[in-house]
Each structure stands twice: as structure tokens, then as C-alpha cells.
Amino acid sequence: MKTLPKDPLNIIMAGVGGQGNVMASRVLANMLSLKGYKVTIGETFGMSQRGGSVMSHLRVSETSAWSPQIPRGRADVLIALEPIEAVRVMRAYGNSGVKVLVNTRAIHPVGVIAGDSEYPPLESIEKGLKELTPYVWMLDATEEATKLGNPILSNIIMIGAVSGLNLLPVGMAEFKSVIRDFFPEKLLEINRRAFEVGKEKVTSA
Amino acid sequence: MSRLIENKEGFPAVLMGNEAIVRGALEAGVDVAAGYPGTPSSEIVENLSQVAGERNLYVEWSTNEKISLEVAAAASFAGLRAICPMKQNGVNVASDFLLHVAGTGVRGGLVLVSCDDPGALSSINEGESRHFARMVEIPLLEPGDFQEAKDMTKWAFDLSEELKTLVMLRSVTRMSHASGNVTYGDLPEKKSRASFRFDGPLTDIQTGPVINFPVDFRHKVQHDKLRKAREIFEASPFNTYEGPKNPEVLIITSSACILYTREALHLLGARDRVGVLKLGTTWPLPPKLIKKHLSTTDKILIVEEVIPFIEESVKILAAEEAKDIGIKTFYGKNDGTIPMTGELNPDMVISALSKILGISYQAMTPEFDKKVQSATAGLAPNRELTFCPGCPHRASLWSIHAALQMDNHQGFVCGDIGCYGMGFFPCGYNVIKIAHAMGSGLGLASGFGKLEAFGMDQPAVAVCGDSTFFHAILPALVNAIHHKSKATLVVLDNSGTAMTGFQPHPGLSIDAMGQEAPALDIARICEAMGAKVEAGDPFDQKRTRETLNRLMEEEGVKVFILRQSCALSPEKKGKKQYQMRVDPARCLGDECGCNRLCTRIFRCPGLVWDKEKKKARIDDVICAGCGFCAAICPAGAIVREEAVLQ
Numbered sequence: 001m002k003t004l005p006k007d008p009l010n011i012i013m014a015g016v017g018g019q020g021n022v023m024a025s026r027v028l029a030n031m032l033s034l035k036g037y038k039v040t041i042g043e044t045f046g047m048s049q050r051g052g053s054v055m056s057h058l059r060v061s062e063t064s065a066w067s068p069q070i071p072r073g074r075a076d077v078l079i080a081l082e083p084i085e086a087v088r089v090m091r092a093y094g095n096s097g098v099k100v101l102v103n104t105r106a107i108h109p110v111g112v113i114a115g116d117s118e119y120p121p122l123e124s125i126e127k128g129l130k131e132l133t134p135y136v137w138m139l140d141a142t143e144e145a146t147k148l149g150n151p152i153l154s155n156i157i158m159i160g161a162v163s164g165l166n167l168l169p170v171g172m173a174e175f176k177s178v179i180r181d182f183f184p185e186k187l188l189e190i191n192r193r194a195f196e197v198g199k200e201k202v203t204s205a
Numbered sequence: 001m002s003r004l005i006e007n008k009e010g011f012p013a014v015l016m017g018n019e020a021i022v023r024g025a026l027e028a029g030v031d032v033a034a035g036y037p038g039t040p041s042s043e044i045v046e047n048l049s050q051v052a053g054e055r056n057l058y059v060e061w062s063t064n065e066k067i068s069l070e071v072a073a074a075a076s077f078a079g080l081r082a083i084c085p086m087k088q089n090g091v092n093v094a095s096d097f098l099l100h101v102a103g104t105g106v107r108g109g110l111v112l113v114s115c116d117d118p119g120a121l122s123s124i125n126e127g128e129s130r131h132f133a134r135m136v137e138i139p140l141l142e143p144g145d146f147q148e149a150k151d152m153t154k155w156a157f158d159l160s161e162e163l164k165t166l167v168m169l170r171s172v173t174r175m176s177h178a179s180g181n182v183t184y185g186d187l188p189e190k191k192s193r194a195s196f197r198f199d200g201p202l203t204d205i206q207t208g209p210v211i212n213f214p215v216d217f218r219h220k221v222q223h224d225k226l227r228k229a230r231e232i233f234e235a236s237p238f239n240t241y242e243g244p245k246n247p248e249v250l251i252i253t254s255s256a257c258i259l260y261t262r263e264a265l266h267l268l269g270a271r272d273r274v275g276v277l278k279l280g281t282t283w284p285l286p287p288k289l290i291k292k293h294l295s296t297t298d299k300i301l302i303v304e305e306v307i308p309f310i311e312e313s314v315k316i317l318a319a320e321e322a323k324d325i326g327i328k329t330f331y332g333k334n335d336g337t338i339p340m341t342g343e344l345n346p347d348m349v350i351s352a353l354s355k356i357l358g359i360s361y362q363a364m365t366p367e368f369d370k371k372v373q374s375a376t377a378g379l380a381p382n383r384e385l386t387f388c389p390g391c392p393h394r395a396s397l398w399s400i401h402a403a404l405q406m407d408n409h410q411g412f413v414c415g416d417i418g419c420y421g422m423g424f425f426p427c428g429y430n431v432i433k434i435a436h437a438m439g440s441g442l443g444l445a446s447g448f449g450k451l452e453a454f455g456m457d458q459p460a461v462a463v464c465g466d467s468t469f470f471h472a473i474l475p476a477l478v479n480a481i482h483h484k485s486k487a488t489l490v491v492l493d494n495s496g497t498a499m500t501g502f503q504p505h506p507g508l509s510i511d512a513m514g515q516e517a518p519a520l521d522i523a524r525i526c527e528a529m530g531a532k533v534e535a536g537d538p539f540d541q542k543r544t545r546e547t548l549n550r551l552m553e554e555e556g557v558k559v560f561i562l563r564q565s566c567a568l569s570p571e572k573k574g575k576k577q578y579q580m581r582v583d584p585a586r587c588l589g590d591e592c593g594c595n596r597l598c599t600r601i602f603r604c605p606g607l608v609w610d611k612e613k614k615k616a617r618i619d620d621v622i623c624a625g626c627g628f629c630a631a632i633c634p635a636g637a638i639v640r641e642e643a644v645l646q
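Chains A and B are the protein sequences, given in the same order. If you're matching positions, the first sequence starts at 1 in our numbering and goes up one per residue. If you're matching positions, the second sequence starts at 1 in our numbering and goes up one per residue.
Simulated from the structure, these hints should not be mistaken for lab results. Ideal Cβ positions, reconstructed from N, Cα and C, are used throughout, including at glycine. Please note: incorrect hints may appear among the correct ones.
Claimed, not checked - Below, a sample of chain B positions facing chain A; criterion: calculated Cβ distance under 10 Å: (1) 145; (2) 187; (3) 350; (4) 561; (5) 565; (6) 571.
What the hints assert, rightly or not - Below, computed lysine-lysine pairings styled on DSS-like, alpha-carbon distance capped at 30 Å: (7) B/315 <-> B/299; (8) A/38 <-> B/245; (9) B/315 <-> A/147; (10) B/576 <-> A/186.
Stated by the list, open to error - Take a look, some chain B residues computed to stay more than 10 Å from chain A by CB distance: (11) 218; (12) 263; (13) 372; (14) 599.
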């Protein structure tokens with residue numbers, strides 16, 4: 001078990017209901033648990049299928065369980081499955097050292113669809129995030145997932161990218177082992193490929 | 001095979017709090033589980049139903065929480081171990097029987113699990129269940145982490161059998177729906193046999209008839225059990241202290257608040273100044289243990305959700321012991337140090353503690369705080385809740401809204417509990433104007449429907465889901481019919497308990513364990529009761545609206561059943577019935593007098609306003625192909641074609 005840069009290490013995974021946010025945070029937590037770390041996941045779901053923002057808080061520690069809610073301003077790693085959700089999390093949990101990985105594919109809130117509000121341009125979001133922290137990576141995970149045959153794989157691509165960027169001490173070995181509990185046999189290969197794609201995309205860039 | 005029945009002692013797993021409760025029950029050799037779905041409790045019965053075969057269990061989704069507690073209690077009286085999980089509102093429903101079974105006591109271990117929802121993350125109230133334990137006089141346990149959720153559940157069965165009383169275990173959303181590491185214990189061999197003895201004396205409910213009689217005698221027996229519970233709790237390993245011998249401040253806390261408290265001490269660097277008494281047994285409190293810790297300091301902070309439950313109990317003990325321990329200063333909900341309402345989090349505990357200790361704390365540096373406000377201004381538009389694309393509720397509420405407008409008597413909808421409760425919001429055209437508990441929609445409509453003599457001529461339309469119909473609508477329906485109330489009930493039948501994850505209910509031909517079950521027909525039940533019944537398809541806009549207008553005019557009780565499965569149901573998800581498109585030649589955009597009715601008012605995520613072309617457009621990735629929106633465009637520009645089935 002590698003010593004953590006900080007204990008507990010605080011990871012936030014944010015997205016919109018239906019993106020597989022809860023599943024991805026559980027996969028990641030199980031990978032870390034397999035490495036011997038104590039993990040705590042806090043999730044907000046229940047109303048999440050109904051178009052709302054979804055957020056998982058993941059705490060990683062060498063010693064104990066931590067609060068399922070990360071304190072304000074204390075995120076270390078932010079994995080956003082949707083761009084404006086990255087912004088929302090930064091406002092509450094950000095700091096100048098947080099590492100931020102963003103899936104660039106927008107999911108418009110119903111207020112934007114109805115014309116009540118505007119969805120900001122991606123360039124403005126990227127610029128805003130980079131003003132706050134030097135560690136920002138943008139990745140069109142949904143596009144890569146669609147190439148693999150199903151946009152839902154974008155959450156796994158993001159986990160692969162986290163591994164590729166060395167944001168957390170986990171890799172393909174843990175992923176392979178953990179997904180057996182999450183997916184049926186016939187879906188294992190496509191998920192392994194999604195993980196690889198995520199890893200490649202951030203290391204080749 | 002479910003990972004919850006791995007029979008490896010010491011097996012480390014990452015479990016959700018609810019899964020840990022399930023594992024604890026399985027390690028206790030539970031035989032029967034009965035509950036009613038409700039966030040955040042539903043995963044307990046769900047997971048037990050998945051291992052019913054392997055672990056030789058009987059598991060059911062009961063019609064409502066009161067019946068689930070009766071079903072679980074029957075198992076206990078027949079000598080088995082039973083668990084009864086529900087959300088906090090469920091305890092209100094079960095409370096009548098709860099008081100009685102608390103009085104009689106139990107035989108086999110019987111554990112009531114209440115999953116409360118501080119902050120109402122998935123509820124329309126944050127009512128809490130702990131006061132029921134005090135009110136009906138039964139022991140109350142609150143796990144403080146995931147390992148404890150398992151260990152404490154297992155122990156709750158032993159405690160229940162030792163004291164011969166119902167035991168209540170209380171979780172909260174941040175425990176039930178959070179996850180952490182849990183080390184497994186052994187799964188026992190099970191050879192349970194059920195039989196109900198009643199040949200013993202009336203004074204012994206273990207062998208004789210089970211009734212709260214003589215009342216005075218039974219109530220005394222109940223208090224003997226509580227006295228014994230206090231003694232057991234004095235030495236319970238679930239009550240622990242961490243901190244210095246004589247802390248400046250003593251924090252007394254329970255449940256998820258323990259984790260928030262530890263976080264606060266960590267971030268404030270105050271571990272050597274503050275002691276934490278973590279309580280797992282929160283009713284009745286162990287007086288000697290509390291006295292011992294109150295003696296160590298003069299400042300006490302109580303951290304808990306939602307009502308000041310521990311706070312009040314501790315203050316009573318402190319008053320009784322004041323001559324020995326002196327006068328204490330209490331901080332908590334009553335003096336406003338901790339907010340009286342809402343969910344807590346680490347920051348709130350930090351704020352409370354930093355005031356008491358005089359430590360200054362900043363969650364963000366002032367520079368970052370300022371920068372984040374300016375750098376992200378306007379970059380995070382609000383994401384309001386809405387119905388899913390293809391949701392039949394959107395269609396039903398649209399037609400109800402249209403019918404009420406057409407009727408023009410300031411009619412309104414009495415809402416109920418389910419996704420359709422969002423009819424309160426713009427996504428449901430704000431048709432719901434009043435909503436309370438399960439089944440209350442029709443109860444209220446029954447009452448409104450009798451106010452004509454006082455000059456009220458506004459029609460009240462009640463809505464309910466199919467599971468809610470069986471849960472609590474039936475008595476209200478009887479009442480409305482018998483009293484000749486003028487009321488319309490619209491049953492939004494989407495073939496399952498959709499909001500909590502498609503649990504089966506008595507209207508379906510399958511039960512919790514996947515066995516075939518007789519389905520009760522809502523239409524025939526209502527007809528037999530004497531209501532006028534019609535059925536329809538909510539996606540047929542014209543007929544739905546017309547039928548509603550006609551029924552609203554008629555006297556007596558009318559039931560209109562709108563049948564269409566939930567868009568997320570396994571049989572529908574990912575399948576489109578219609579391929580939708582907007583004909584750009586017919587959509588007049590802003591030139592049309594409709595004022596963007598389809599996107600601005602109808603608000604389906606699959607139907608978007610194309611800013612460049614200034615016309616509506618179907619987002620093919622999001623559209624579920626229900627076809628309903630074809631009927632709403634006054635220019636007939638939204639076209640539906642039968643989709644080619646994949």
C-alpha cells in the first residue's frame with residue numbers, strides 16, 4: 001500500500017442522473033479498497049434519476065472511515081462527468097491545488113432547454129477552471145465512448161484517465177478484478193477497453 | 001451469487017450502510033423480512049429478497065409499513081427472527097401496531113429498522129423516528145459507521161431475545177446510502193421451525209396468549225425490560241469515548257454525526273482539547289456512563305440530527321445528578337449552536353466547535369473564495385428536477401392542467417407521494433397545490449368535495465400512483481364514496497413502485513422473491529366499491545383531457561386510471577415507440593403565436609429550442625419516443641412516425 005500524499009484523500013465524482021456516477025464511484029472505491037486503503041463513499045441519489053445533479057464523495061485513508069460528506073474547500077481530485085457540474089463542485093469544494101478532470105460533453109439542464117438560462121461555452125468553463133487551479137484536464141469521454149459503441153461507457157473512460165494521469169494509486173489490475181462484481185461476463189471486455197482508451201487518451205495527449 | 005452471502009469470516013467488503021444491515025441480519029440468522037419501499041431504506045428488503053432462496057428466508061414487500069411490522073411480528077411470535085425496514089414516514093404509518101407490540105413484547109428477535117432522512121434529500125419532510133422509541137418505550141440503537149451497521153444489526157436480534165422486546169435500529173441517509181469497509185463475520189447454519197404457542201398463562205407471553213392485558217401488569221414488565229436495557233447499555237462496546245481525561249469540551253454524538261465530529265476535530269487540530277462520547281445505544285441512555293463523562297468537564301456540546309433527542313435526555317440526567325456533578329453549560333440545538341433543522345455536515349460542527357473553543361477556521365482562503373466567485377460567475381446554470389423523457393406523468397399532468405383550465409373553476413390537484421409529486425414544480429405545470437402523506441391526496445379531496453354547502457365550487461382532483469393506491473388510498477376511497485363526496489381520483493398507474501426502483505406491489509403478478517402472485521385489479525376494486533371507473537392511455541392527450549372534463553362534472557366519486565409503464569422500467573428503457581421529428585416547414589418558431597409552448601412550457605428534455613434556427617428540434621439521443629408531444633404543437637409541426645423496432 002503506497003503512502004497517500006494526504007490522509008484522507010478526498011475525491012469528488014460529479015455528474016447528472018443517468019450518467020453512471022454512482023456506479024463509477026463504487027468501482028473506484030473498490031479498486032482502492034483492494035489496494036488495502038479504507039474507503040468511505042457518500043452519495044446523493046434517490047432523486048438523481050430525475051435530471052438533477054449527482055455527486056459522490058470518496059474518502060481514501062490508510063487508517064479509518066471518514067465523513068461521507070467532504071468539508072467545504074477540501075477536494076483533492078475532482079472527476080466531472082459533465083462540464084457545469086465541475087464548476088458547481090469547484091464553487092463549494094475547490095481550492096488552488098485540486099486536480100480536475102472534465103468530460104467535455106454537455107448535458108443541458110431543462111431550464112436551458114426551455115430558454116430560461118444559457119449554457120456557457122466550453123471555452124469559458126475551461127478558462128474559468130484554469131484560473132483556479134493549474135491542474136485541469138479536458139477529455140471528450142462521451143465521444144470516445146460512442147466510438148466504442150455506447151455513451152454510457154464514458155464513466156469508465158474517465159476512471160481509466162484518472163489512472164493514466166496517476167491521480168490515484170490504482171491501475172488495470174485492480175480494475176479487472178473489481179469489475180467482475182459489477183458487470184456480467186459479456187460486458188467485461190468492452191469495459192476493459194473503455195478503461196484502456198481513457199488511459200491512452202490522457203497519456204498520449 | 002450475491003456478495004452479501006459470501007461465507008468467509010473476515011472477508012473485507014465495501015458495503016453500503018443498508019447492505020451492512022442486511023449482512024448483519026444474515027449473520028444473525030434472520031428468517032423473515034417485510035417492509036415497504038421508501039428511500040433511503042429500500043435496499044435492505046431488496047438485497048434480502050435476492051438471497052431468500054440461498055438463505056431460506058421469507059421476504060415480502062408488504063402493502064404498507066403497518067402490515068409489514070405485523071407480518072414480521074407474526075414471525076417473531078412463531079419463534080423466528082424477523083426484520084422490518086422502512087423509511088421514517090413509515091414508522092408513522094406503523095405506529096399504531098408499534099405501540100401495541102412494544103407493550104406485548106416479542107418471542108423471536110424482532111428488529112425494526114428506520115432509515116431517517118435528515119435534510120429531506122428524498123422526502124418531503126425531515127420528521128424523525130427516534131422519538132417513537134421513547135414514546136412506545138423500546139430500546140434504540142444507532143450505528144456510527146458501516147462496520148457497526150453490520151455488527152449492531154446482528155446484536156440487535158440478540159438484545160431483542162434477551163429482553164423479549166422489539167428493538168429499533170435507526171439509520172440516516174448518510175449511513176444507509178453511504179459505503180465503507182466492512183469485515184464479515186460467520187453466517188450461521190439455519191434450522192428454523194415456526195409454531196405459535198398459546199397454552200401458557202396470560203401473564204407469560206412467551207407461552208401464553210399475546211395481548212396487552214392486564215395493561216398495568218404488562219406496562220410494568222415493559223419497564224423492567226427498559227431497566228435491564230439501561231444496565232446492558234452501561235457496558236455496551238457501541239458506546240465509546242475518545243479524547244483527553246479532562247476535556248475542555250465534551251461532545252456527545254451518535255450516527256453519521258460521529259463522522260462529522262471526528263472530521264471537525266481533525267481540521268481544527270482540537271483532538272487534545274475535546275473529548276467525544278460516541279453513543280450507539282441512544283434510548284434509554286445508560287445513566288452511569290453519562291454521569292461519569294459529564295463529571296469530566298463543564299462544557300457539553302451535543303451533535304445530532306434532527307430533533308434535540310439526545311440533548312433532552314442528557315439534560316434530564318444532568319439535572320438529576322446536578323448535586324454530584326455540578327452545573328453544566330450545554331451547547332446544542334436548543335441554544336442555536338447547532339441548527340435546529342436540516343442535515344448536518346462537518347462544516348456545521350466545525351462552526352459550532354470553533355465558536356466554543358475560540359479557534360478561527362476558514363474553509364477556503366479569502367483569495368480563493370473571491371477568485372472562485374468571479375471565475376465561475378454564470379458558468380453553472382441551475383439544474384432543476386424534471387420528469388424523465390418519455391415519463392407518462394408529464395403527459396398525465398399536462399392533460400390534467402389542460403382539463404382544469406378548460407373547466408375554469410379554479411380547480412386544483414391534491415398530490416400524493418411518488419415521482420408525480422413533482423407536479424408541484426414547473427415540470428408538472430404546477431398543478432399540485434396541496435400534498436402531504438401517502439394516501440392524503442384522496443383524503444383531502446374527499447373533504448374538499450363536501451364543502452359545496454359552504455360555497456366552494458372548485459373541483460379537487462386527487463392523483464396517486466399504483467403502489468400508493470394499495471398502501472393508503474383504499475380507506476380514503478371508501479370514505480369518499482360512502483359520504484357521497486364529489487371527488488375525482490386519477491390513478492397514475494405506471495406498473496410498479498417506480499420512484500424507489502420498481503419494487504412489485506399487490507397490483508402486479510410477481511412478489512418480492514420473484515414468485516408468481518395474484519394481481520389485484522385496481523379498476524375492479526374501485527367498481528366493486530361503487531365508484532365510476534374509466535381507464536385510458538395518458539399518451540392519448542385528447543381523450544384524456546376530454547374524459548377528465550366529463551368526469552369532473554359528474555357527482556360522486558370518479559376514478560380515472562391512466563395506464564402507461566414508467567419510462568425507466570426494464571421493458572421500456574432504451575426502446576422507442578415513435579421516431580419523433582419537428583417539421584421545419586411547419587414550425588413557425590418565434591413567428592408563431594404559441595410563444596414556444598413546446599420548449600418553454602412543456603419542458604421535456606428531449607424537445608429543445610434551436611437558438612440558431614429559431615425553431616424547435618428533437619434531441620434524438622434524449623427523446624424516448626413516447627409520441628405525446630405531437631399532440632401539443634398548435635401548428636402540427638411535431639411529427640411522430642412508428643419507430644422501427646430494434
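Legend entry - Residue hint residue 145 of chain B, partner chain A, criterion CB-CB below 10 Å: Where the cut-off is 10 Å and the nearest Cβ of chain A is about 5 Å from residue 145 of chain B, the hint holds.
Inset, instruction - Please work out if residue 315 of chain B and residue 147 of chain A have their alpha carbons no farther apart than 30 Å. - result: 64 Å, violated
Inset, instruction - Take a quick look at residue 263 of chain B and tell me if its Cβ sits farther than 10 Å from every Cβ on chain A, holds or violated. - result: 4 Å, violated
Legend entry - Interface hint for residue 565 of chain B, Cβ within 10 Å of any Cβ on chain A: Status violated, d = 15 Å.
Inset, instruction - Just double-check residue 599 of chain B for me: nearest Cβ-Cβ distance to chain A has to come out over 10 Å. - result: 5 Å, violated
Legend entry - Agreement of residue 576 of chain B and residue 186 of chain A with the hint, judged by alpha carbon distance not exceeding 30 Å: 24 Å, holds
Inset, instruction - Please verify that hint: residue 571 of chain B, Cβ, nearest Cβ of chain A, below 10 Å or not. - result: Hint violated; residue 571 of chain B Cβ to chain A Cβ min 17 Å, cut 10 Å.
Inset, instruction - Quick one: work out the minimum CB distance from residue 218 of chain B to chain A and report holds if it exceeds 10 Å, violated otherwise. - result: With a cut-off of 10 Å, residue 218 of chain B remains clear of chain A, as the shortest Cβ separation is near 40 Å.
Legend entry - Interface hint for residue 187 of chain B, Cβ within 10 Å of any Cβ on chain A: 18 Å, violated
Inset, instruction - With 10 Å as the threshold, tell me whether residue 372 of chain B passes as away from chain A on beta-carbon distances. - result: It is violated; residue 372 of chain B is separated from chain A by about 6 Å at its closest Cβ, not greater than 10 Å.
Inset, instruction - Would you mind confirming whether the straight-line C-alpha gap from residue 315 of chain B to residue 299 of chain B stays at or under 30 Å? - result: Holds. Residue 315 of chain B to residue 299 of chain B sits at ~12 Å (cutoff 30 Å).
Inset, instruction - With chain A as the partner, please determine if residue 350 of chain B meets the hint condition of a C-beta pair closer than 10 Å. - result: At about 7 Å, which falls below the 10 Å cut-off, the nearest Cβ of chain A leaves the hint on residue 350 of chain B intact, so it holds.
Taken one by one, the earlier hints fail for this structure at numbers 2, 4, 5, 6, 9, 12, 13, 14, listed in ascending order.
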